[in-house]
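Residue numbers (full-length UniProt numbering), protein chains in the order written: chain A, 1 to 156; chain B, 1 to 84.
Wrong hints could be hidden among the right ones.
With a Cα cut of at most 30 Å, we get these calculated DSS-like pairs of lysine-lysine [as the list claims (entries may be wrong)]:
(1) A:88 - A:155
(2) A:128 - A:88
(3) B:38 - B:28
(4) A:155 - B:38
(5) A:155 - B:3
(6) B:38 - B:3
(7) B:28 - A:88
(8) B:3 - B:28
(9) A:155 - A:128
Note that these hints are calculated values from the structure, not bench results.
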Amino acid sequence: MAAVEPVVRVQADDFDIATENARLTEGRTDVGAVVTFTGLCRDEGGTLAALELEHYPGMAQAEIGRIAREAAERWPLTGLTVIHRHGKIAPGENIVLVVTASAHRQAAFEAANFLMDFLKTRAPFWKKEHRRDGTEGGWVEARDIDDKAAERWHKT
Amino acid sequence: MTKLVYFAWVRERIGTNEEEIDLPDSVKTGTDLLAWMKTRGENYEAALAMDNAIRIAIDQEHVDHDAPLGNPREIALFPPMTGG
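Isolated chain A, as found in the complex (with noise of 0.2 Å):
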C-alpha cells in the first residue's frame, strides 16, 4: 500500500478541528481509528498576554512536510493532517492540530505522538512571550524533555 499524501498547511488563521476530522473519514468505511491531537496556547501563572509565534516562511511547510511523510512512511495511515498557526496567539487559543486515521488506533496513536515530538524540535517555529503588563517576555526556550523524546523515535 502506497503512503498517504499528508496535508500541511502553516497559517495565521484559526482551525476547526469537526471539519479537519471529517475530512478524513467522510465516504470512507476502511478508517477505524482517528487521532485528533490539539496544541493550545497555555497561561502559566495568569500573566501572558500573547505569545507571538515566528516561522521560517516555506522552510515550515517544507520541514513540516518531511516530517509528516517520514510518520506516513513508517505507519499504515488511511490519512494525516497537520495544521501549524503563527502569529500572535492568546492564551486558550488553538496553536497546532495533528490528525491521523488508520484502520488501527495504535497506529494512528503512535504516528501523532511521533509527529508532534518532531514538530517539537524540528519544525522552525519560535514562542515569544507578550506579557499582560506590557512588557515584552523572553523566547521560550527548547526544552531538553522534547529532544529526549523525539530521540526515542530514531530507528535503532
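Starting from the structure of chain A, add chain B where the hints point.
Frame of chain A; chain B shown alone:
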C-alpha cells in the same frame, strides 16, 4: 552573493532579518561560517556567541555545523526551534 536570514533572538541580536553577503572562500562549513560571522561586529558576536545554541539551515534544510555549505542561495541561522 548568498542570502542570510535570521530568526527569533538571533535576528533580534543581529538587528536585521536578512542580508546579502559575499562569503569569503575560506568559509566552507557551518563552523567556518559562524567563526567568520562573529568577526563582523559586536552584534554578530553577541548573537552567535554560543555556537551550540545556533541551528543552521541551507536552502531550508537543517544541516550539522560540520556539513559543507556548498553553493547555497539561502543560509538561515536561528535558535533551537520551539514549535508544536
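State the violated hints by number, sorted upward, taking the hints as numbered earlier in the document.
Per hint list: 1, 4, 5, 7 and 9 violated.
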